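**Q** Let the sequences and hints guide you as you build the complete structure.
Number of protein chains: 2
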Amino acid sequence: MYKTLPQDQLTLLTIKALKEGKKKELQQIMEELQPYDMALIYKDLPEKHQSRFLLQLTIPVLADMIQELDQEDQISTLQKIGKERSGKVLDDMDNDDIASLLENMSHERIQQFLSGMTKEESSIVQDMMNYPPETAGRLMTNRFVWIRDSYSVREAVDKLKTFAEFAETINYLYVVDDKRKVAGVVSYRDLLLADMNQMIKDIMYTRVISIGVETDQEEAARLIERYDFLAIPVVDDEGILKGIITFDDIIDVVIQEANEDIEKLSASGKAIDFDTKSHVAAYRRLPWLILLLFIGLVSGSIIASFEETLSQAVALAFFMPMIAGMTGNTGTQSLAVVVRGLASRDIDMKTVLRLIAREFGVALIIGITCAILIAMIAYVWQGSLILGFVVGASLLLTLIIGTMAGTVIPLILYKLNIDPAVASGPLITTINDILSLLIYFGIASFFIHSII
Amino acid sequence: MYKTLPQDQLTLLTIKALKEGKKKELQQIMEELQPYDMALIYKDLPEKHQSRFLLQLTIPVLADMIQELDQEDQISTLQKIGKERSGKVLDDMDNDDIASLLENMSHERIQQFLSGMTKEESSIVQDMMNYPPETAGRLMTNRFVWIRDSYSVREAVDKLKTFAEFAETINYLYVVDDKRKVAGVVSYRDLLLADMNQMIKDIMYTRVISIGVETDQEEAARLIERYDFLAIPVVDDEGILKGIITFDDIIDVVIQEANEDIEKLSASGKAIDFDTKSHVAAYRRLPWLILLLFIGLVSGSIIASFEETLSQAVALAFFMPMIAGMTGNTGTQSLAVVVRGLASRDIDMKTVLRLIAREFGVALIIGITCAILIAMIAYVWQGSLILGFVVGASLLLTLIIGTMAGTVIPLILYKLNIDPAVASGPLITTINDILSLLIYFGIASFFIHSII
Numbered sequence: 001m002y003k004t005l006p007q008d009q010l011t012l013l014t015i016k017a018l019k020e021g022k023k024k025e026l027q028q029i030m031e032e033l034q035p036y037d038m039a040l041i042y043k044d045l046p047e048k049h050q051s052r053f054l055l056q057l058t059i060p061v062l063a064d065m066i067q068e069l070d071q072e073d074q075i076s077t078l079q080k081i082g083k084e085r086s087g088k089v090l091d092d093m094d095n096d097d098i099a100s101l102l103e104n105m106s107h108e109r110i111q112q113f114l115s116g117m118t119k120e121e122s123s124i125v126q127d128m129m130n131y132p133p134e135t136a137g138r139l140m141t142n143r144f145v146w147i148r149d150s151y152s153v154r155e156a157v158d159k160l161k162t163f164a165e166f167a168e169t170i171n172y173l174y175v176v177d178d179k180r181k182v183a184g185v186v187s188y189r190d191l192l193l194a195d196m197n198q199m200i201k202d203i204m205y206t207r208v209i210s211i212g213v214e215t216d217q218e219e220a221a222r223l224i225e226r227y228d229f230l231a232i233p234v235v236d237d238e239g240i241l242k243g244i245i246t247f248d249d250i251i252d253v254v255i256q257e258a259n260e261d262i263e264k265l266s267a268s269g270k271a272i273d274f275d276t277k278s279h280v281a282a283y284r285r286l287p288w289l290i291l292l293l294f295i296g297l298v299s300g301s302i303i304a305s306f307e308e309t310l311s312q313a314v315a316l317a318f319f320m321p322m323i324a325g326m327t328g329n330t331g332t333q334s335l336a337v338v339v340r341g342l343a344s345r346d347i348d349m350k351t352v353l354r355l356i357a358r359e360f361g362v363a364l365i366i367g368i369t370c371a372i373l374i375a376m377i378a379y380v381w382q383g384s385l386i387l388g389f390v391v392g393a394s395l396l397l398t399l400i401i402g403t404m405a406g407t408v409i410p411l412i413l414y415k416l417n418i419d420p421a422v423a424s425g426p427l428i429t430t431i432n433d434i435l436s437l438l439i440y441f442g443i444a445s446f447f448i449h450s451i452i
Numbered sequence: 001m002y003k004t005l006p007q008d009q010l011t012l013l014t015i016k017a018l019k020e021g022k023k024k025e026l027q028q029i030m031e032e033l034q035p036y037d038m039a040l041i042y043k044d045l046p047e048k049h050q051s052r053f054l055l056q057l058t059i060p061v062l063a064d065m066i067q068e069l070d071q072e073d074q075i076s077t078l079q080k081i082g083k084e085r086s087g088k089v090l091d092d093m094d095n096d097d098i099a100s101l102l103e104n105m106s107h108e109r110i111q112q113f114l115s116g117m118t119k120e121e122s123s124i125v126q127d128m129m130n131y132p133p134e135t136a137g138r139l140m141t142n143r144f145v146w147i148r149d150s151y152s153v154r155e156a157v158d159k160l161k162t163f164a165e166f167a168e169t170i171n172y173l174y175v176v177d178d179k180r181k182v183a184g185v186v187s188y189r190d191l192l193l194a195d196m197n198q199m200i201k202d203i204m205y206t207r208v209i210s211i212g213v214e215t216d217q218e219e220a221a222r223l224i225e226r227y228d229f230l231a232i233p234v235v236d237d238e239g240i241l242k243g244i245i246t247f248d249d250i251i252d253v254v255i256q257e258a259n260e261d262i263e264k265l266s267a268s269g270k271a272i273d274f275d276t277k278s279h280v281a282a283y284r285r286l287p288w289l290i291l292l293l294f295i296g297l298v299s300g301s302i303i304a305s306f307e308e309t310l311s312q313a314v315a316l317a318f319f320m321p322m323i324a325g326m327t328g329n330t331g332t333q334s335l336a337v338v339v340r341g342l343a344s345r346d347i348d349m350k351t352v353l354r355l356i357a358r359e360f361g362v363a364l365i366i367g368i369t370c371a372i373l374i375a376m377i378a379y380v381w382q383g384s385l386i387l388g389f390v391v392g393a394s395l396l397l398t399l400i401i402g403t404m405a406g407t408v409i410p411l412i413l414y415k416l417n418i419d420p421a422v423a424s425g426p427l428i429t430t431i432n433d434i435l436s437l438l439i440y441f442g443i444a445s446f447f448i449h450s451i452i
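In the order they appear, the protein sequences are chains A and B. So for the first sequence, UniProt numbering puts the first residue at 1; every next one is plus one. So for the second sequence, UniProt numbering puts the first residue at 1; every next one is plus one.
Hints may contain errors.
Listed below are the simulated PhoX-like cross-link pairs for lysine-lysine, each with C-alpha atoms no more than 25 angstroms apart in a straight line [as the list claims (entries may be wrong)]:
| # | chain 1 | residue 1 | chain 2 | residue 2 |
| --- | --- | --- | --- | --- |
| 1 | B | 23 | B | 83 |
| 2 | A | 277 | B | 80 |
| 3 | A | 350 | B | 16 |
| 4 | B | 22 | B | 48 |
| 5 | A | 161 | B | 22 |
| 6 | B | 242 | B | 277 |
| 7 | B | 277 | A | 415 |
| 8 | B | 22 | A | 350 |
| 9 | B | 19 | B | 43 |
| 10 | A | 119 | A | 242 |
| 11 | B | 161 | A | 159 |
| 12 | B | 201 | A | 161 |
| 13 | A | 277 | A | 43 |
| 14 | A | 350 | B | 277 |
| 15 | B | 350 | A | 16 |
| 16 | A | 159 | A | 179 |
| 17 | A | 201 | B | 83 |
| 18 | B | 80 | A | 161 |
| 19 | A | 43 | B | 23 |
| 20 | B | 201 | A | 48 |
Covered, in the sense of this in silico footprint (three residues per stretch, anywhere, with C-beta under 8 angstroms from a C-beta of chain A), are these stretches of chain B [as the list claims (entries may be wrong)]:
| # | segment |
| --- | --- |
| 21 | 249-262 |
| 22 | 309-321 |
Simulated from the structure, these hints should not be mistaken for laboratory data. The structure presented is a predicted model; accordingly, all values stated were derived computationally and were not measured. Glycine included, each C-beta is placed from N, C-alpha and C at the ideal position.
**A** Here's what the structure looks like:
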């Protein structure tokens with residue numbers, strides 16, 4: 001009954017139960033909720049009730065709930081429950097979640113956190129921290145059940161029963177040989193359909209697709225997206241099974257990577273969300289803006305160097321924003337197509353050449369259409385045929401160059417193994433700004449005596 | 001052994017087997033491949049080999065492979081295999097995939113495609129087509145196994161065995177009561193761990209979170225992302241189970257929604273990928289560019305209306321691109337944060353006000369920093385204190401207004417139930433362009449006699 005209530009009512013009920021010490025009612029509410037919803041209520045609680053609330057939760061429930069909090073809240077919550085309980089909670093958490101929690105901490109801080117955990121669990125986490133960030137090794141979990149290829153179905157089911165708690169979400173059992181190398185996979189469905197006395201090696205699927213520990217997490221996401229796997233095994237150089245990556249982590253990776261692309265395309269600053277503080281957000285955005293300020297001054301000095309041309313025909317200034325804006329825009333359009341395309345598939349030389357040819361075709365069509373349009377407008381507005389020609393020809397040229405810049409620059413960066421989204425929207429826009437002004441005033445200077 | 005070969009070698013081997021009529025070798029290759037890889041090879045084959053290749057595949061394999069092709073190729077492939085086989089393939093495909101295939105077809109065309117299918121399957125697809133696009137009803141599949149709450153575990157496993165082929169990927173059995181309303185869910189794991197004589201209603205999880213048929217697909221994605229479900233049941237107004245949405249469709253939704261946000265933020269044109277033809281891509285991008293051309297002319301006419309001011313102090317033109325660029329940028333930065341924030345969570349008034357206050361704080365910090373910097377540069381460069389003041393004060397004002405526009409406009413659109421990403425980057429940039437020119441020249445005109 002509780003799960004259908006809106007969240008603020010649940011929070012009120014929780015506060016009431018806490019105030020009146022009604023442990024049983026509180027338990028009932030929590031039982032019906034998913035960890036995510038519990039976390040929402042916890043964050044909504046007044047400070048003084050939070051500690052009491054945490055005391056009421058069992059270790060496994062606490063571990064589930066903490067995984068739904070953001071990093072800052074995770075740390076403060078772990079501190080609130082004291083070292084002993086926090087050690088137990090950490091033991092119970094998925095190790096990939098712990099690894100991402102510790103990611104930005106100092107060495108001492110990490111030791112302090114790990115000290116409360118059992119030796120076995122903490123050494124697993126420390127091993128994971130040795131893999132570079134955003135690799136399969138950092139994302140994998142050790143909460144899975146493996147079986148030997150010599151097992152019978154009955155033995156497999158028995159092992160599953162022993163480790164039932166451990167294998168909560170994932171519905172595969174990975175099969176390893178005597179060297180712990182991945183030999184196959186069986187799903188729970190296979191086990192249900194099989195006879196108890198059949199051998200695992202006779203029913204397992206042997207053509208397992210696995211991923212190396214140091215492989216980029218984007219590659220893992222691509223494999224799961226392509227093949228619709230629930231999980232993918234992670235192996236080291238020798239093919240030994242080290243962990244598995246599950247689909248729920250992959251959904252998070254897909255969202256994270258898309259957000260990163262958007263952040264870079266719009267230079268909106270790394271990791272700014274609704275909860276980021278003003279000064280932090282300003283600090284993250286400022287570097288870009290200051291860089292752009294100086295690049296903007298370069299545009300300005302180009303105009304300054306054409307001061308004579310400009311003062312002879314001030315009307316040239318009227319078309320400046322349009323030409324710069326259009327060029328910046330067409331570049332961003334191409335850039336977005338390339339960045340998202342690269343995110344979703346590998347490309348070869350053939351694809352690259354075809355893409356460049358395609359974008360050139362687009363630039364020609366767009367350029368000719370817009371150039372004719374603006375030439376006519378300029379002629380009607382300012383009554384000068386030559387001005388119409390200068391503006392139209394400039395726009396055609398700048399649109400072609402702008403489109404090519406937006407296409408080729410990210411491809412070159414990709415080839416150089418630099419994230420193509422680094423060539424973010426504003427950068428392309430600004431490069432195109434400068435190019436467009438040079439072309440525009442260059443052409444205009446050439447015809448200046450005919451314009452005035 | 002084949003699955004480790006690079007794709008072009010696999011294609012060559014396939015062509016060889018096709019040429020030499022080695023049916024068995026071809027079968028062996030295909031058996032080792034995932035549908036996605038098969039589709040890649042198929043697309044790589046020369047036209048004349050494609051039909052022969054299709055002949056070699058069984059109906060289920062064909063159905064799996066076709067689901068991995070893009071829409072155009074799906075249609076041409078179905079036409080290649082002839083009406084009889086294509087009917088059988090369609091019967092075998094997931095109905096959500098058929099629904100999205102038919103989405104953009106004319107009514108006659110749809111009838112033609114469905115006519116080869118069995119009555120039962122085609123009526124299910126037609127029912128789905130009645131739900132609006134991008135809703136849960138369009139995304140759901142009927143390939144799942146439901147059981148009654150009165151079953152024993154043994155009866156459930158027996159039903160699962162009967163429909164084994166049907167329930168390939170998903171590891172839940174949904175439990176319905178005598179009115180076909182969702183009563184609970186059991187996982188294959190629960191079945192494995194349970195005793196054969198236990199009753200389903202004693203082991204099932206009753207607090208199932210479901211979603212309505214007409215709910216937006218983004219909501220389904222959010223639920224799966226939050227709760228890490230493998231699938232989510234779709235119900236009608238009366239709570240009757242109509243289908244399920246699986247995590248693999250959700251991964252596709254997440255990618256699609258992120259791409260849509262990027263398309264709109266960069267106005268890069270709807271659904272343009274590496275394979276889109278030049279004229280199609282140009283046609284999709286042109287409307288935006290032409291609109292921006294006219295908006296750019298508005299900027300131009302603002303400059304024109306300040307022609308006198310400008311011709312008195314041409315140096316004012318030098319700072320125009322910097323001010324317009326910075327204002328456009330800071331607006332895009334805010335916009336990206338708001339659009340992605342809205343995509344990942346619901347917001348209330350409190351959040352909105354806090355967000356606006358935060359962005360105002362950011363604007364103040366950024367504005368003051370950049371204004372002081374540019375005022376000093378302008379003074380040093382042009383040797384005029386007043387010009388430094390005019391440029392600095394303009395930048396401070398425009399950065400504040402630009403940030404607020406990038407924050408408030410998408411929020412208002414969201415409130416009006418218009419997709420906030422419609423206020424795409426270029427639009428905000430252009431609005432900010434116009435505002436910044438008005439402010440800049442307004443302030444400059446006021447001080448013009450002191451500048452010259």
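**Q** Please verify whether residue 22/B and residue 48/B have alpha carbons no more than 25 angstroms apart.
**A** Given pair residue 22/B, residue 48/B holds - Cα atoms ~17 angstroms apart, limit 25 angstroms.
**Q** Holds or violated: residue 277/B with residue 415/A, Cα cutoff 25 angstroms?
**A** At roughly 24 angstroms apart (the allowed maximum being 25 angstroms), residue 415/A and residue 277/B satisfy the hint.
**Q** Holds or violated: residue 277/A and residue 80/B, Cα atoms, limit 25 angstroms.
**A** violated (59 angstroms)
**Q** Mind checking the alpha carbons of residue 22/B and residue 350/A for me, to see if they're no more than 25 angstroms apart?
**A** violated (30 angstroms)
**Q** Hint check: residue 161/A vs residue 22/B, CA-CA at most 25 angstroms. Holds or violated?
**A** Distance of about 46 angstroms is beyond 25 angstroms: violated.
**Q** Tell me if the straight-line CA distance from residue 119/A to residue 242/A falls inside 25 angstroms.
**A** Roughly 18 angstroms separates the two Cα atoms, so the pair holds.
**Q** Straight-line Cα separation of residue 350/A and residue 16/B no greater than 25 angstroms?
**A** Roughly 23 angstroms between the alpha carbons, so the hint for residue 350/A and residue 16/B holds.
**Q** With the threshold set at 25 angstroms, check whether the alpha-carbon distance from residue 350/B to residue 16/A stays at or below it.
**A** holds (23 angstroms)
**Q** Compare the distance between the alpha carbons of residue 80/B and residue 161/A with 25 angstroms, and conclude whether the hinted pair is satisfied.
**A** Cα-Cα ~50 angstroms, so violated.
**Q** Are the Cα positions of residue 19/B and residue 43/B separated by 25 angstroms at most?
**A** Measuring from Cα to Cα gives roughly 17 angstroms; hence the hint holds.
**Q** Assess, step by step, whether the Cα of residue 201/B is no farther than 25 angstroms from the Cα of residue 48/A, and give holds or violated.
**A** violated (40 angstroms)
**Q** Against the 25 angstroms threshold, does the CA-CA distance of residue 277/A and residue 43/A hold or violate the hint?
**A** holds (17 angstroms)
Figure legend: structure checked against the earlier numbered hints; hints not met, in rising order: 2, 5, 6, 8, 17, 18, 19 and 20.
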